[in-house]
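*Asks:* Residue numbers (the numbering used here), protein chains in the order written: chain A, 714 to 815; chain B, 468 to 723.
One should not assume that every hint holds.
[Claimed, not checked] With the Cβ distance kept under 7 Å, some of the chain B side facing chain A (calculated, not the full set): (1) 482; (2) 485; (3) 486; (4) 489; (5) 496; (6) 515; (7) 582.
[Claimed, not checked] Which chain A residues face chain B? A few, computed with CB under 8 Å, are given here: (8) 725; (9) 734; (10) 782; (11) 784.
Rather than coming from a laboratory, the hints here were simulated on the basis of the structure. Glycine included, each C-beta is placed from N, C-alpha and C at the ideal position.
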Amino acid sequence: MKTPIFILLFFSFYFLTLIQVGFLPHFGETGEFFMPVLVSVVLINIIEREKGNIGLLASVLGGFLLDVFSGGFLGFWTSISVAMAFLIKFFLKSYFQVSFHL
Amino acid sequence: MRRVIIFILAAGLVIGFMTIFQKQVKNFFYSISSPFQKNIWQAGDSASDFFAGFLKAADLKRENEWLAAKIQELRQEKAVLQELGKENKLLRQVLSLGMEGEFDLKLARVVGKDILKDVLTINRGAEDGVSLGLPVVTSQKILVGRIGEVYQNFSRVILITDKDSQFDAKVVVSDIYGMARGKGNHSLALDLISKDKDIKAGDLVLTSSLGGVFPANLLVGMVKNAEKSDINPFQGIDLTPAFNVNDLDELFIIEQ
Chain A
714 MKTPIFILLF FSFYFLTLIQ VGFLPHFGET GEFFMPVLVS VVLINIIERE KGNIGLLASV
774 LGGFLLDVFS GGFLGFWTSI SVAMAFLIKF FLKSYFQVSF HL
Chain B
468 MRRVIIFILA AGLVIGFMTI FQKQVKNFFY SISSPFQKNI WQAGDSASDF FAGFLKAADL
528 KRENEWLAAK IQELRQEKAV LQELGKENKL LRQVLSLGME GEFDLKLARV VGKDILKDVL
588 TINRGAEDGV SLGLPVVTSQ KILVGRIGEV YQNFSRVILI TDKDSQFDAK VVVSDIYGMA
648 RGKGNHSLAL DLISKDKDIK AGDLVLTSSL GGVFPANLLV GMVKNAEKSD INPFQGIDLT
708 PAFNVNDLDE LFIIEQ
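Sequences and hints are given; from them, build the entire structure.
*Replies:* Structural data, given as structure tokens:
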């Protein structure tokens, strides 16, 4: 795993998490339930190459930052996003073929 | 596949280790994010106001007329209350009663909101003398919630609308006591009011000192609707909280 990708993902998710907890709550229920971090994790996993690890790294980083900025225990959102990443990989491998990749 | 398993195990170990030092990890991130979060919260406030102006333009005229009528009504009430205030002052002097002691307040700024719960993050923590359970109000003495978690430099405020929140409250006009309960998603209910009590939409609800959770006479909200059913011994009362979470910026923690 290249360090620049890690740093880029970390700061991107950090920014998105701050937007999620500080900016979006002002836009009512729609804003509160739009989760840019989880949406990004899903998108990265969909467009990533089959054997790449960036999607998994994104899910761990995104989940971890959501855990830090929410009231629950560390690991709650991480588990959810990692499980999502695996499910997406499984479905893509079994049923779909994506023609463009990261 | 082996690499993935090793990666997950390593991530699990790191997160497990961090969970032990959860408070320190969260405090670290909040400390470095606090300046940005404050600005992002204010930017969100301005942006939502801007868009709300466009979306609600049609309702503004109607609302303006309603508010003008309400102002007239409140002016009348104010005149009556001023008279009552004079009388009250006189009676206090006669009875030699001291005025009610002022609260010891600490100013705090909202820096974020929890993702799924009715919980706010504020920029005051244990270092500023904040402790668990302290009530949090707005500058208009509207009850917002209580301190639910304290970290070194920040705290979490459990809003009165959160599902974990309940406290004694009273309906002002009729002096009826009940239990205010958060329903989550910025909504509030008033329980344990028997069906024979007369509650109307628009009645104001204040805190009561019965349960000892909050100081008495802080504004909680207004009765939205009251429903009576044959199968329930109590009324189903919904309240509209007196604060709007989007407008909260500066809060006060009551220390005494």
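*Asks:* Holds or violated: residue 489 of chain B as interface residue toward chain A, Cβ cutoff 7 Å?
*Replies:* For residue 489 of chain B, the interface hint holds, since the closest Cβ of chain A sits about 5 Å away, which is under 7 Å.
*Asks:* Against chain A, is residue 496 of chain B within 7 Å by beta-carbon distance?
*Replies:* holds, 5 Å
*Asks:* Would you check whether residue 482 of chain B satisfies its interface hint, that is, whether its CB is within less than 7 Å of any CB in chain A?
*Replies:* holds, 5 Å
*Asks:* Tell me if residue 725 of chain A is really an interface residue toward chain B, meaning its C-beta lies closer than 8 Å to one of theirs.
*Replies:* Since the shortest Cβ distance to chain B is 14 Å, the answer is violated.
*Asks:* Can you verify the interface hint for residue 486 of chain B: is its Cβ closer than 7 Å to any Cβ in chain A?
*Replies:* holds, 5 Å
*Asks:* Grab the minimum C-beta distance from residue 582 of chain B to chain A and call the hint holds if it beats 7 Å, violated otherwise.
*Replies:* For residue 582 of chain B, the interface hint holds, since the closest Cβ of chain A sits about 5 Å away, which is under 7 Å.
*Asks:* Does the CB of residue 784 of chain A sit less than 8 Å away from some CB of chain B?
*Replies:* holds, 5 Å
*Asks:* Would you settle whether the hint for residue 485 of chain B is holds or violated, based on the nearest Cβ-Cβ distance to chain A being less than 7 Å?
*Replies:* At about 5 Å, which falls below the 7 Å cut-off, the nearest Cβ of chain A leaves the hint on residue 485 of chain B intact, so it holds.
*Asks:* Answer holds if the nearest beta-carbon of chain B is closer than 8 Å to that of residue 782 of chain A; otherwise answer violated.
*Replies:* holds, 7 Å
*Asks:* Does the interface hint hold: is residue 515 of chain B within less than 7 Å of chain A, judged Cβ to Cβ?
*Replies:* Given a least distance of 4 Å, the restraint on residue 515 of chain B holds.
*Asks:* Mind checking the CB of residue 734 of chain A against every CB in chain B and telling me if the closest is under 8 Å?
*Replies:* Nearest chain B Cβ about 4 Å off; hint holds.
When the structure is compared with the earlier hints, a violation turns up for hint 8 alone.
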